[in-house]
Each structure stands twice: as C-alpha cells, then as structure tokens.
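Chains as they are written, first to last, in UniProt numbering: chain S, 1 to 590; chain A, 1 to 590.
By construction, these hints were calculated from the structure, which means they are not laboratory data.
Remember, it's a predicted structure, so these values are computed and weren't measured experimentally.
Where hints are given, some of them may not hold.
It does not matter which identical chain is used: a pair holds within one copy or between any two.
Using 30 Å as the maximum straight-line C-alpha spacing, the simulated DSSO-like pairs for lysine-lysine come out as follows [to be verified]:
1. K143 <-> K352
2. K337 <-> K76
3. K64 <-> K28
4. K143 <-> K28
5. K305 <-> K264
6. K264 <-> K370
7. K90 <-> K108
8. K412 <-> K499
9. K108 <-> K499
2 protein chains.
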Amino acid sequence: MAQRTHACGEVYEQHEGQEVVLKGWVQKRRDLGGLIFVDLRDRTGIVQVVFGDGAPEALTVAEKIRSEFVIEVVGKVVLRQEGQVNPNLKTGKIEVMASTITIINEAKTPPFAIDDKVEIAEDLRLKYRYLDLRRPAMFDTFKMRSDVTRTIRNFLQNEGFLEVETPILTKSTPEGARDYLVPSRVHEGEFYALPQSPQLFKQLLMVSGFEKYFQIARCFRDEDLRADRQPEFTQVDIETSFMTMDEIIAMNERLIQQVMRDVKGVEVEAPFQRMSYQEAMARYGSDKPDVRFGLELKQLSEIVKDSAFGIFANAVKAGGEVKAINVKGAADNYSRKDIDALGEFAGRYGAKGLAWLKVTAEGLNGPIAKFFEGDAATAIIEATEAEAGDLLLFVADKSSVVADALGALRLKLGKELNLIDESTFAFLWVVDWPLFEYDEEEGRYYAAHHPFTRPFDEDLALMDSNPKEVRAQAYDIVLNGYELGGGSLRIYERDLQEKMFELLGFTQEEAHAQFGFLLEAFEYGVPPHGGVAFGLDRFVMLLAGRTNLRDTIAFPKTASASCLLTDAPSQVADAQLTELHLAVTANKEK
Amino acid sequence: MAQRTHACGEVYEQHEGQEVVLKGWVQKRRDLGGLIFVDLRDRTGIVQVVFGDGAPEALTVAEKIRSEFVIEVVGKVVLRQEGQVNPNLKTGKIEVMASTITIINEAKTPPFAIDDKVEIAEDLRLKYRYLDLRRPAMFDTFKMRSDVTRTIRNFLQNEGFLEVETPILTKSTPEGARDYLVPSRVHEGEFYALPQSPQLFKQLLMVSGFEKYFQIARCFRDEDLRADRQPEFTQVDIETSFMTMDEIIAMNERLIQQVMRDVKGVEVEAPFQRMSYQEAMARYGSDKPDVRFGLELKQLSEIVKDSAFGIFANAVKAGGEVKAINVKGAADNYSRKDIDALGEFAGRYGAKGLAWLKVTAEGLNGPIAKFFEGDAATAIIEATEAEAGDLLLFVADKSSVVADALGALRLKLGKELNLIDESTFAFLWVVDWPLFEYDEEEGRYYAAHHPFTRPFDEDLALMDSNPKEVRAQAYDIVLNGYELGGGSLRIYERDLQEKMFELLGFTQEEAHAQFGFLLEAFEYGVPPHGGVAFGLDRFVMLLAGRTNLRDTIAFPKTASASCLLTDAPSQVADAQLTELHLAVTANKEK
C-alpha cells in the first residue's frame, strides 16, 4: 500500500494537477455510463473520485465496490467543470481522476446509512455504535470533547495545577448515592467501591499541601438512570488551598471563558451573574434557572390571601404560596383544552390544579375572575405586569410544589413559545445555599451538597439552634438551565467536621468507621481549601448543541445500565465467583 | 485572612523591603533568646521567618506554634547578614521579619518528620499518605507526572489525535489476566468487568474511522502483586489507522523525544536502536535488555558440545545450550564463596549449576579447566573475548533457562560492578516477536502479545503448518531494562481473526460469546490499524529516578491490594449485598 498524501476533506483547488493518494470509506458509488463516481469519506470529509476509460483496470475494480468498503485510490486532482461544482462540499471545486484503486477491506451493507440526516432508533445506534460513530456529527462531537479537555488541562496547568490520579478501587461510603462494589479476591468477604467522586482524595491532597489539584475523573453511581444520567460519568474535578470563594469563582470563570473562546469562538463576559438560591427559587422556581428568558414567577400570596377563592386563601393560610406566570400575549392562543393540558403537565410536578385568568382591556376573564374584581384585579395585573391579551397561570400549594410546577411550566412554555435564544450561553452562579435539607418524613437532616461543605462563619452559631438557617459557602454553576457543576469551601477543622457528622445523624462509631482517616488527617495541619467539579459530559452536550448525554459518551449504557454493543453486564464463569468467595442468590437463568 | 502575595519558595533578594503575605506549614521552629526563627514551607519551598521584639504580639503567638501548624505570616523581606546566608535554600539570601502571624490550623506531632532524608517504613508512609506526600521529593514526582501527561497530550493532540474515554464498566473477557468484577444490581447474577486495557474499544474506534485515538487510561488486573505491579495502573493508550509499523514507531519516538526534552531537558537521538527478539534473547538473555552496559551472553555450544565435561556436552545434546558471560577483570575479586553465592542466585532462575573459569596469562583456571585445554581453551577465550584476569560464568541448560539465569546474573553483576551509567536513558525497540508461545504442559498455544496481533504477511502460510515460526508485527519499547510499553499492528480481517481464535483453542461458540461484537464489526469495513500502550507509572518512575512504582501513584495499594489509608477493601452492609443478589460464601469474620 502507498503512503497517504492527503485526507479526503483536504484536497482543494490549489492541488490541481497533483497526484494524490487517498484512503477512506466509500460513502456512495454512482455509475454513469462508463464513468463511476465515488464519494470517498474519511474523518475530515468527503471528496469525489472519478473512474473512467483512462484507467480501465481501476474502472473494473471500482465496479465491485460498495458502500463502506475501505479503499485506497491514487489519482490526479482536476478542477470540476463549471456547473459541476458542489458548494456544499469543502472539496466541491475539484475531483480526483483515479489511476489505481486497491480494495483494502470489504463491507456488508450496514444496518443504517452513515449519514447525519438519517434518524435511527437509538437501540440500533448503540448496538452498532462503531457505525454510529462514523457519522460526521458524532465525530465532530468527540473532536469537540477532546478539544474541551485540552483547553481545560492547559488552562489549569498554566495556573499551576497538577493533574493527580486518584484511585478507582476505593472504600465504600454509603452516604449519598449507591456505590458500585468490587469484590476482593484476596480479602474474603470484603469489597472495594468505585468512587462517586474523588472528594475525599482531593481533600487529602490539600492536607498534603499540593495546593492546586485537578483531575478529569471518572465517577460512578449505581442509580436508576434518567435520560441525563449514566452509571459512569466524567467530572472536571478541582481543589485549591488558601483561596477565598470569590477567588475560586473568578478562576473558574476564566477557565470557562477560555473554553468558550477556544471551542466556540465566543467571548463570555465576566464576572458571571450571581444569584442566591432563595432568589432563584423565588423568581424561577428552580435552583438551576435558565435565565435566557423571562416568564418569571410572580408572588401573589399577599394579594389573594384574603380572597373569596378558597383554594388560594387556604394555601396561604396553610403556610404555602400562590404564584403565577404571565404568558405574554397568549390569551387568544390557548384554548380551554390547551390549558387543561398544561394543568395536567403541572400535575406531574405535584400541583393539584392550575388556575388561570385571561387579561382583557376590561379586566380579568375566566372561571375564577369573579373572585378577583376591582382592587384585587388591579393588584394582580400590576404584580404580574400584565396587559390585555396576556394569560396568567396560577399554582397555589406549599412552596416547593409551587416552585416545581411553575418552574417546569415556565421551561415548557419558554420552549413552546420560542422565547429562548438558543445561540446564547447564559452562565450563572447560584450561591447562598442552605447547608442542610430537612427530610420531613425521616425527621432528619441531609447535607444539601455533601458533609464536607463549609458553613458561613457568621452562621456557625446557628448550627445548634437552627440548622435550617445555616448557609453553606457553596456555589453551583448553571448554564442555560442545566447544572454544569458546583463546589464549596470545605470544613478544615476536626471538631466542626465531627459536629457536621453528628447533625447528619452519624453516631461517633459510624463517623469513624467511614471517615476516620479524614478526621485523623484533620489533626495534622490542614489548610483552608475548597473546590469545584464540573460535569464534563453535560458541558460537552451543551457546547455541541445536543440534547442526549449519550451522544457525548463514546460507548454509553442504556437506561438499564447495559451496553448493547458488548452485552455487558453478562454472566461469568462459576470459577470466577468461587475465587471471589461469592454466590449469586438470584435465579441465574436470563 | 489576607491574600497571599508570594509562595514561600519564591521570595528573593529582589523583594527586599517589600511586605509579603505568606501561608504554609511550619517546617521547624528555633528559639534563640528573644528571637524565634521559623522555616515556613509550602509546595514551592522553604523561607525563613523571624519573630522578634519589633512585633511582640506576633512573637508571643509564635511561641505557640509547632511543626506542621498552618500559619499566615505578614512581614517584610530583609537581606540576611553576611555569614547567615544559606546557599542550600533558593530563598537563602533573605529572611522575612514578621509583623503579624495567624495560626490557621494546629497540628499534632506527625508520626514522622516531613523530610526527604528520613527513611520511613513503607506501611507508615502508606497509612499517613497525606503526610508522606508533603515531602518535597514526593511533590516533585507528582509534578513531574503531571508534566509528562501534559506533554504527551499536547504532542498527540497536535498530531491530530483525539482523546476518547472508553468504559470502565465493561464486559468480562477471561483471556489474559484475571478481571475485577462488578456485580450488577439491575441484571441479577450478571457482572461488569473493569478493563485490563481499552484494547477492544480502541480497535472499535478505528472501525469508526476515528483514525487517531489516544487515552491516558486506567486499567485493572486482579493478579498477585509484585513490587512493580498495582491492581490499577495507568496506560498511555494510542491507536491509529492506515499507518505502517515504521510510521507508528517513528511517531512514538518523536513523542518520547518530546517528553525527554520537556521533562528532563535531554535530547534523545532517533531513530532508536531496534533489535529482534531473537537477538535480545541471544545477547542479553532478556526480551527487555538493559543495553547501557555489555557483559553479553556468549554462545559456546559448538565449542563445548564434544567436550569431556558431561554437563556441557549433555546439555547441548539434549537440545539445550551452553553460554557464558565474561566478568572483565573480576577473577581476583570473586572468591569461591562469592561464586557459590552467584550460583545460588542463578539457581533461582532455574539453573542447576553455575560453572566458572578464571582466565590467567597461562590459560584457564578452575575446577573444570581440565576439560578445556589447548584448542578448546583458545576457542573459549576467543568466543568470550577474554583476557587474563577475567572471570567466566557458564550456564548449561535448555535455552530458556540459560537465558533467564545468565540474563539475571548479567543485571545483578552490572549493578554490583557499577557498569551502568545511571544518567543515560537507553531506549530500544524489540521487534520480530513470535506471534505465539507454546505451553508444553498444557499443549496449547498462547498469544505472545494478545489475540489481535497481526502476523507478518509473509508468515501467513505458516499459521497452519508451523505456528511457532510465525512472527508478529509487534514492537516493545524498552528503557534501561524495563518494558516501557508495547504495541502491534492488528488483525483487520474477520477470517484471519477467527483463525487466530481457533489456533488459541477457542471453540467457535466461545469466540463468539466473548468477541462476537468485534467479529461482527470486522464485517463493516475495517481499516488497517495498530497502536501502542505505554505504562505511565513505570515511565514516571524511571524519569524520576525512583525504584518503587508506588512512589509514582498518589494513593497506591500494598502487595495484598489494600489501601492502608482508607482501609479498602472493607466489609459492606448486608443490605448492599442483598440488592446485588449476592451472598458471601466465606467466613465474614476478619
């Protein structure tokens, strides 16, 4: 075989007259009375190759080739005749007159065409992932992913960060999500766990005085999967010592600016917007608001709490809220049936109903309008900044349901009504998080982020008296309504860390069994430290303008955590289990 | 707390008169009558801080600090008086006159001093790894590791390679080493396996037309550990399409040159030496020869095969060999007892004895000299290039034992006799490997590399007639006697791959159960491809001039695959096992 001289997508007018050696896949063959045209594809693009009388032997061979054959072609670059130029192809002004062709490998007809425009069932794509990845848009996504990690690494290494690899075989800490376990062969009845994040190790590296650590780290969670979850995912994991929250945020903004510049050619302005958790929930009904559009939640509790409409009044009396969103100019476009459908949608988020009012030149209109006349109507119109033609949608319930239901409705309507400028990247820090979440059913506190998050110094006194009010020095970064990552300053005092475990319901024994090594490390001179972690898969998904996380992972798993390509997981030999001192208790038949 | 202005190791004469804010760990405190000197350490180095009358409050606080306290110091840079300059310290010309000090965190007395010069039991180092990593030489190693990966990634990405992440949760393929298994919760009785390498996925990416893939990939092997093995290790994994072996080798040489240039400031000449497997075994008794010194194995079978010394003659008659190494000028330095000790050492590699002769001006000397007089003596002296004063050491046995024993002896003597220039980096490609190894006991063939390695085209006919003679298009890279990595061109035809599995003793069913997806992929247009994988841990170990692989891994495991820091593996809750449909069959008590 000859040495390739050019990539298929990189043969242009300036190569006219040159002999080139190309290697690639047959995208398409067309026979045209004594001439054969072949679109030859490699990862750089497509070039047209022509076989004709000038090379009868090559012509004969070319008759045998079919889609996805791997071939080598030697030929001369010629300009296409006027009228034959293909403006959709980078190489569209030329074609290659073949002198010889070698069939390197044959191909069966693939189960689907290698074409970005063809819609393919996802199961088929995953089973034949190696063909799916031949599609140019898929290659482009993985090229982008590689470019993103390159920029991140170079940025951080230029800032003095060290990339340090932390273990994949580590200790099970059954706080948080479910661990994947790995049985030990040497230590009977014992197990490693795959890490949910390198959290403890990166904190230990701060104890070691590494000061600036990062890792593009694989993490694992054995959870029931949603569309945007995978059993293994990749996290850009960063930790630093002696930096304040503002310094960490500023450094991460510069990192993101660099990624946007290098990968998207976009200048993002810094500092990014910051919003408290409370404000995000109040205005957007979400802790990861998409701020590319309005349609904000409006507080109406005060206005309606004494109204004759019992559902509103009672909700407020029970400690809940009444809020609305104003769908501008939509009054005429939403029929009763449409609104019923919206109500059903809101119901999925816990709302027991969706009340509505249409705004006319005369006032409010709709089944509940009679409860809100005169001043009440004026107050509602003012609070929602409504005009004639607007549609007001109300949820009355406890605060969390109001936020969830109206927040979800806001996103749905934002998309349906084309309120979102899809070309923009709206970054946002959500700050001032609560340190704890209180689970009413279980009657216990959970760490809103994780048990190592540092409270605000001025809130320390509340740790005993009113844990719910303690704010965390935590910050989430949100992009276009997706949580891109988050971080916090960490606890670096043993006594505070022990108090934290205690508030989370750990006995001293439990805390020491699971985190004893961390508590012990905290006795040997720990610097103040903090960090952040970004979800790389999701960041790439948003940068590539895709909506499915699986499109950013080369060999992803299905929603039941299977790999359709390799058929993992699968049964193993009994001898393997015996060596691991294990028996399967379930029926082994599939 | 104030914002740090300087790192401890970066305060110099030019900062004289400046106020600086430093943060770090107390390396040492010395009290000198009203003055306190503190060596303050961070990852960049050490600076001397002085507390005196000028700042009585700070002096009082400074009295409380002890080793490994974390402190913040504000002070002024002053030049040290003549005679006080410390030439061993980058910052030795200055000191910082402290005005204020803040104790950020206290520390107990650590179990060992944070000092490169102190020898510490490895168990203690691993248990307190976070303190061990505070030692400057450890930080430097991980800084180097981070720099090495940076150079590798930038080099490869500049060459058009994409970094693609492949799964950690994958399918068990019980060829090769033992897999680590991960039980599935969703699929009862089924298991994922952690990858021993991304081999199949990188080949599938070539099927996908990615053409240039790399990954710095975590790999896993559940084997009994030797000093230079870890359950998880990191591999620089590279695969390309349409490149010849020479092109792949040349590209990797440029990659290594770049690493040596960036990280060690060393220009390595290319092309690197290449040596066939046969020559390496013949001359060095090793497939990873350390070519920094001579002491080569000399073939004597022809000369001694008819001698009256039965052990030599019989070894040759039985199909074995007689070889010697010539230890130059060592005749007078090795007593009979010393040589007996060498014989015992050779015995560990299977040699039944170590014969020896000393060379004098008169001829050969020693217990077996009587068998080799006249022409025989001359022939031995010529073949071993011996002179008076040399010591000749012989092993007579089957070829593999001769190679193992004399190869090991050669390395041992090379070190003992200081024949090795430790400052050089001798890279070497070993090529022309056999495709198969034949296991006499089991009477079956094994893949010398792995089942995807491509035979030489001209040897294909031997696949049926004489598999032992088939050579592989494989290449190992050796550095200073360590196997740094290896690679090969791969099989890309389904029928050849199936034949390979057949020769390795797979039934068709077994081959399809394990590798069916690969065989199926091979039907859809596979390009010629090949690649290489380097052991990153070992490469860093050699670059850092260390001898223990664990010094290059931040949180390594012991020889029994335990983490002494986190106490992994460990027992897990019964509920976790129940969810995984598993029961431990062993006694669960520790």
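Now for the hints, and whether the structure bears them out:
Neither within a single protomer nor between protomers do K143 and K352 lie at most 30 Å apart by alpha-carbon distance, with minima of 47 Å and 58 Å respectively. For the homomeric pair K337 and K76, neither the shortest alpha-carbon distance inside one copy (65 Å) nor that between copies (76 Å) is at most 30 Å. In this assembly of identical chains, K64 and K28 lie within 30 Å of each other by CA distance solely inside one copy; the values are 12 Å within and 80 Å between copies. In this assembly of identical chains, the alpha carbons of K143 and K28 lie at most 30 Å apart only when taken from the same copy (24 Å versus 51 Å across copies).
With identical chains, the CA atoms of K305 and K264 are never at most 30 Å apart, being 49 Å at best within one copy and 74 Å at best between copies. Taking the shortest Cα distances, K264 and K370 never come within 30 Å of each other, neither inside one copy (53 Å) nor across copies (83 Å). Taking the shortest alpha-carbon separations for K90 and K108, only the intra-copy value of 28 Å comes in at or below 30 Å, while the best inter-copy value is 67 Å. In the homo-oligomer, the alpha carbons of K412 and K499 never lie at most 30 Å apart, since the shortest distance is 42 Å inside one protomer and 57 Å across protomers.
In this homomeric assembly, K108 and K499 come within 30 Å of each other (Cα to Cα) only across copies, at 20 Å, whereas the closest approach inside a single copy is 65 Å.
Hint violations for this structure: numbers 1, 2, 5, 6, 8, all remaining hints satisfied.
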